[in-house]
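Once you've looked at the hints, dock chain F with the ligands against the given chain G.
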Amino acid sequence: MHEMTLAEQMLQIIEEAAIAQNFTQVKTVWMEVGRLSCVEKEALRFCFSAVVEETVARRAKLEFIDIKGRGLCAQCECEMDINTLYDACPACGSYAIQIIAGNEMRIRELEVE
Amino acid sequence: MCTTCGCGTKHIHMDGDILYHHEYAETVGGHTHHMHASVINESRRVRIEQAILAKNNHFAQHNRHYLAQQGIFMVNLVSSPGSGKTTILIETIKALQNEIPIAVIEGDQQTDQDAVRIRATGVPAVQINTGKGCHLDAHMVGHAMEKLDLQSNSLLFVENVGNLVCPAAFDLGEAHKVVILSVTEGEDKPLKYPDMFHAADVMLLNKCDLLPYLSFDVSCAIDFARRINPALQVIQISAIQGSGLQQWIDWIKSGHQQAAQVVMTEKAIL
Ligand SMILES: Nc1nc2c(ncn2[C@@H]2O[C@H](COP(=O)(O)OP(=O)(O)OP(=O)(O)O)[C@@H](O)[C@H]2O)c(=O)[nH]1
Ligand SMILES: [Mg+2]
Ligand SMILES: [Zn+2]
Ligand SMILES: [Zn+2]
Ligand SMILES: [Zn+2]
Ligand SMILES: [Zn+2]
Chain G
194 MHEMTLAEQM LQIIEEAAIA QNFTQVKTVW MEVGRLSCVE KEALRFCFSA VVEETVARRA
254 KLEFIDIKGR GLCAQCECEM DINTLYDACP ACGSYAIQII AGNEMRIREL EVE
Chain F
64 MCTTCGCGTK HIHMDGDILY HHEYAETVGG HTHHMHASVI NESRRVRIEQ AILAKNNHFA
124 QHNRHYLAQQ GIFMVNLVSS PGSGKTTILI ETIKALQNEI PIAVIEGDQQ TDQDAVRIRA
184 TGVPAVQINT GKGCHLDAHM VGHAMEKLDL QSNSLLFVEN VGNLVCPAAF DLGEAHKVVI
244 LSVTEGEDKP LKYPDMFHAA DVMLLNKCDL LPYLSFDVSC AIDFARRINP ALQVIQISAI
304 QGSGLQQWID WIKSGHQQAA QVVMTEKAIL
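First to last, the sequence lines map onto chains G and F. Just so we're aligned, residue 194 is where the first sequence starts under the numbering used here, counting upward by one. Just so we're aligned, residue 64 is where the second sequence starts under the numbering used here, counting upward by one.
If we strip away everything but chain G, and leave its shape as in the complex, we get:
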């Protein structure tokens, strides 16, 4: 799994923000995780706690914001909630569903001091 890479990338974003926005401690990290993204949240929490040792984020609490999967059917144009990449359209049964939300892996906000 690539959770270690993701944790390193998160730390890099936070450290760049620390310079740009003048903070020395991160108290909370709010991270958006889409239902369809390939993030394993507990694995990421573990990796994050490992990479932030002795950094501005060493005391940071990691809060996940879950984002629902949403799809748009290419055949009948209806919108629906989706839980997997192979859900069928509940209206017409087609698998040709375009994902419009649920792929997110992004840092939304930090609480800092």
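A hint or two may mislead.
Some chain F residues flagged as far from chain G (calculated, every beta-carbon gap over 12 Å) [stated by the list, open to error]:
id, residue
1, 113
2, 124
3, 132
4, 133
5, 157
6, 176
7, 211
8, 239
9, 281
10, 308
11, 314
12, 329
Quick partial rundown of chain G residues pointing at chain F, CB under 7 Å, derived from the structure [what the hints assert, rightly or not]:
id, residue
13, 273
14, 288
15, 298
16, 300
Since the hints were derived computationally from the structure, they do not count as laboratory data. Glycine included, every Cβ here is placed at the ideal spot set by N, Cα and C.
Showing chain F with the ligands alone in chain G's frame:
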């Protein structure tokens, strides 16, 4: 390439050396320490709104831009270990190397055996050893491209680390991801590892010569893969016996022609 982002080139090593990540922690650590005294300890919110893989995607855009300028067609081969990526590459190279210049970037956690196998065909190959890393990222690939001295209007193949999971999430700047599924792996793999089949544009169903000895259901495997990706193009091949390879070679040739044509049209406009 990524030097335009201010990234040094010394931190990454290929062909046997260890691969390091950026040493950004050091500079930032120094900075924060320095500023500590003057900052009041008052908590506040900072909006970030940044995708975790934004850096990778940025490097991927640099790679893609460079490839487009040079008319190079880049294909990223992804699969679980042992599905036949290197064997397919070697057969593809043999079929095309007299017509089109080809270069290869090989990704493996350890050893340069696959690069050695590729170089035996006479085509240049750079091996990236990711160590504990389980995928290639766009930054490593950008540096490997620099090492390869790529010719314009050529083909560039990337053989990703054998792993059906996270190479799906990392854009390298390729024109297409091609996923290889071998018939010994079972027809349920697309449903178990959907991200990869979602990210790919072509699926090569390999080792079809073994079908008489297995209970693998080809149409079921294709059906599962197309549930995830209805537009997925499927080519059934045997890399060892050569069946189906012509269709794959034709697909490569037409992609290569398009990439070269785009550059020619742009030059004509200028
Ligand atoms: N029967 C049969 N065997 C094949 C075919 N293609 C590859 N193999 C065999 O499968 C094994 C693995 O092939 P490789 O080409 O090394 O696979 P790979 O995907 O590059 O493996 P990694 O780089 O280690 O992930 C080798 O023993 C090949 O000879 C095929 O079409 N039919
Ligand atoms: Mg290989
Ligand atoms: Zn529908
Ligand atoms: Zn840049
Ligand atoms: Zn670099
Ligand atoms: Zn990985």
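Hint check:
1. For residue 113(F), the non-interface assignment is contradicted: its Cβ lies about 5 Å from the closest Cβ of chain G, within the 12 Å cut-off.
2. Every C-beta of chain G lies more than 12 Å from that of residue 124(F), the closest at about 16 Å, which supports listing it as non-interface.
3. Here residue 132(F) stays apart from chain G, with its beta-carbon at least about 27 Å from theirs, past the 12 Å limit.
4. Against the 12 Å criterion, residue 133(F) stays outside the reach of chain G, whose nearest CB is about 28 Å from its own CB.
5. Non-interface call for residue 157(F) relative to chain G: holds, since the shortest CB-CB distance, roughly 33 Å, exceeds 12 Å.
6. The beta carbon of residue 176(F) sits about 24 Å from the closest Cβ of chain G, which is more than 12 Å, so the claim that it is off the interface holds.
7. Against the 12 Å criterion, residue 211(F) stays outside the reach of chain G, whose nearest CB is about 24 Å from its own CB.
8. Non-interface call for residue 239(F) relative to chain G: holds, since the shortest CB-CB distance, roughly 18 Å, exceeds 12 Å.
9. The beta carbon of residue 281(F) sits about 18 Å from the closest Cβ of chain G, which is more than 12 Å, so the claim that it is off the interface holds.
10. Distance check for residue 308(F) against chain G: the nearest CB is about 29 Å away, which clears 12 Å, and the non-interface claim stands.
11. Separation of residue 314(F) from chain G is adequate, the least Cβ-Cβ distance of about 22 Å exceeding the 12 Å criterion.
12. Non-interface call for residue 329(F) relative to chain G: holds, since the shortest CB-CB distance, roughly 30 Å, exceeds 12 Å.
13. A distance limit of 7 Å between C-beta atoms decides the matter here; for residue 273(G) the minimum to chain F is near 15 Å, and the interface restraint is violated.
14. Interface hint status for residue 288(G): upheld, as the beta-carbon distance to the closest one in chain F is roughly 5 Å, under 7 Å.
15. For residue 298(G), the shortest C-beta to C-beta distance to chain F is roughly 4 Å, which falls under 7 Å, so the interface hint holds.
16. Residue-level restraint check for residue 300(G) holds (minimum Cβ-Cβ distance to chain F is 4 Å; threshold 7 Å).
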